[in-house]
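Colleague: What follows is each chain in one-letter form.
Protein chains: 2
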Amino acid sequence: MHITRYTDYSLRVLVYLASQGDELSTIQQISESYDISRNHLMKVVHQLNKKGYIETVRGKKGGMRLRLSPADINIGVLIRETENELGVVECLTGNNSCRIAPVCGLKGMFSEAMQAFLETLDKYTLADVIPSAHRPQLLRLLQVN
Amino acid sequence: MHITRYTDYSLRVLVYLASQGDELSTIQQISESYDISRNHLMKVVHQLNKKGYIETVRGKKGGMRLRLSPADINIGVLIRETENELGVVECLTGNNSCRIAPVCGLKGMFSEAMQAFLETLDKYTLADVIPSAHRPQLLRLLQVN
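Residue numbers (my numbering), protein chains in the order written: chain A, 1 to 145; chain B, 1 to 145.
By construction, these hints were calculated from the structure, which means they are not laboratory data. A few of these clues could be false.
[To be verified] Straight line, CA to CA, 25 Å or less: simulated DMTMM-like cross-link-like pairs of lysine to aspartate or glutamate:
hint: 1; chain 1: B; residue 1: Lys60; chain 2: B; residue 2: Glu32
hint: 2; chain 1: B; residue 1: Lys123; chain 2: A; residue 2: Asp35
hint: 3; chain 1: B; residue 1: Lys123; chain 2: A; residue 2: Glu112
hint: 4; chain 1: B; residue 1: Lys123; chain 2: A; residue 2: Asp22
[Unchecked claim] Label-pair ranges, simulated between beta-carbon atoms:
hint: 5; chain 1: B; residue 1: Pro102; chain 2: A; residue 2: Glu32; range: 44 to 52 Å
hint: 6; chain 1: B; residue 1: Gly52; chain 2: A; residue 2: Gln143; range: 27 to 35 Å
hint: 7; chain 1: B; residue 1: Pro131; chain 2: A; residue 2: Arg80; range: 27 to 35 Å
hint: 8; chain 1: B; residue 1: Glu119; chain 2: A; residue 2: Gln137; range: 31 to 39 Å
hint: 9; chain 1: A; residue 1: Asn95; chain 2: B; residue 2: Asp122; range: 39 to 47 Å
hint: 10; chain 1: A; residue 1: Gln137; chain 2: B; residue 2: Arg135; range: 24 to 32 Å
hint: 11; chain 1: B; residue 1: Gly62; chain 2: A; residue 2: Glu32; range: 56 to 64 Å
[Unchecked claim] Non-contacting residues of chain B with respect to chain A, defined by C-beta distances greater than 12 Å in every case (computed):
hint: 12; residue: Glu23
hint: 13; residue: Lys50
hint: 14; residue: Glu119
hint: 15; residue: Leu138
If you're wondering where the values come from, they're calculated on a predicted model, not measured in any experiment. Where is the CB? At the ideal position from N, CA and C, for every residue including glycine.
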């Protein structure tokens with residue numbers, strides 16, 4: 001079981017931007033810091049902008065920063081928005097072909113388990129991901145030499 | 001987020017065998033009932049046998065059945081055994097390349113969330129998946145015409 005790369009990269013972008021405070025960052029910088037594909041990041045950034053998590057400034061000195069305070073970005077809510085498929089099992093997706101689904105209790109069990117998973121993440125915000133005491137070390141780790 | 005096909009098929013095989021009580025079943029029958037690949041099932045059955053969930057009887061009238069009572073097959077334990085990767089995020093797998101992992105709180109949050117997921121499934125056994133009142137309907141659904 002894995003979250004999608006899309007969710008993974010969304011989290012990384014938000015953590016990066018949280019580390020920069022009000023400073024603007026570029027896709028290029030984020031891509032180099034994490035050593036991940038610029039192309040994949042473009043789609044992620046587009047969606048984060050559309051969903052109101054970040055704001056972008058156009059132009060030569062442009063870039064992006066968080067639109068919300070890290071304490072206002074809930075991890076559970078974010079995962080629900082970025083994971084397009086939280087079904088876990090086929091019978092919980094829109095694509096079920098398992099013929100015993102009408103009588104099988106697994107559906108309810110996995111649904112309850114996924115609820116517990118998400119409710120755990122609901123307890124946390126982006127501010128908890130990188131407590132301010134860790135910010136200097138985070139900035140060092142993100143620095144590309 | 002999805003369980004692997006391997007886990008999915010393991011669950012389906014166990015549900016099928018639970019529905020048959022002491023009767024022997026063949027891979028062919030299970031494959032036809034769920035309309036899933038015989039080849040994939042062979043690997044699944046081999047592992048379920050190796051892990052002690054089922055027993056196989058060789059020969060012309062051979063087949064397999066549960067070795068344990070459905071009430072003794074815990075769903076959480078089964079998932080831990082069949083999902084080879086419960087890491088959810090890269091930094092929880094053996095394959096981490098995210099450079100901020102040493103200071104990033106997401107690792108702990110996702111680990112806690114996965115724990116909550118598994119603990120929910122720990123509450124259930126195979127006997128809960130198909131309560132005996134549903135068995136007649138289950139048998140009808142599994143019947144290949």
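Colleague: Glu23 of chain B clear of chain A by more than 12 Å, beta carbon to beta carbon?
Modeller: Correct as stated: the minimum Cβ-Cβ distance to chain A is 17 Å, above 12 Å.
Colleague: According to the definition I'm using, a residue is off the interface if its beta carbon is farther than 12 Å from all beta carbons of the partner; does Glu119 of chain B meet that for chain A?
Modeller: At roughly 7 Å from the nearest Cβ of chain A, Glu119 of chain B sits no farther out than 12 Å, so the non-interface label is violated.
Colleague: Is the gap between the beta carbons of Gly52 of chain B and Gln143 of chain A within 27 to 35 Å?
Modeller: violated, 51 Å
Colleague: Does the structure keep Lys123 of chain B and Glu112 of chain A at a Cα separation of 25 Å or less?
Modeller: Between Lys123 of chain B and Glu112 of chain A the Cα gap is close to 11 Å, so the pair holds against 25 Å.
Colleague: Indicate whether the distance between the beta carbons of Pro131 of chain B and Arg80 of chain A respects the range 27 to 35 Å.
Modeller: At 31 Å between Cβs, range holds.
Colleague: In this structure, is the beta-carbon distance linking Glu119 of chain B and Gln137 of chain A contained in 31 to 39 Å?
Modeller: holds, 32 Å
Colleague: Given a hint of 24 to 32 Å, does the C-beta separation of Gln137 of chain A and Arg135 of chain B actually sit inside it?
Modeller: violated, 58 Å
Colleague: If we take the beta carbon of Leu138 of chain B, is the closest beta carbon in chain A still more than 12 Å away?
Modeller: Non-interface label fails for Leu138 of chain B: nearest chain A Cβ at 5 Å, not farther than 12 Å.
Colleague: Range first: 39 to 47 Å. Now tell me if the beta carbons of Asn95 of chain A and Asp122 of chain B are that far apart.
Modeller: violated, 28 Å
Colleague: Mind verifying the non-interface call on Lys50 of chain B? Its CB should be farther than 12 Å from each CB in chain A.
Modeller: Given a closest Cβ separation of 22 Å, the condition holds.
Colleague: Is the hinted pair Lys123 of chain B and Asp22 of chain A satisfied, with a Cα-Cα distance of at most 25 Å?
Modeller: violated, 46 Å
Colleague: Within a Cα-Cα threshold of 25 Å, do Lys123 of chain B and Asp35 of chain A meet the stated pairing?
Modeller: violated, 41 Å
Hint compliance for this structure: hints 2, 4, 5, 6, 9, 10, 14 and 15 are broken, all remaining hints hold.
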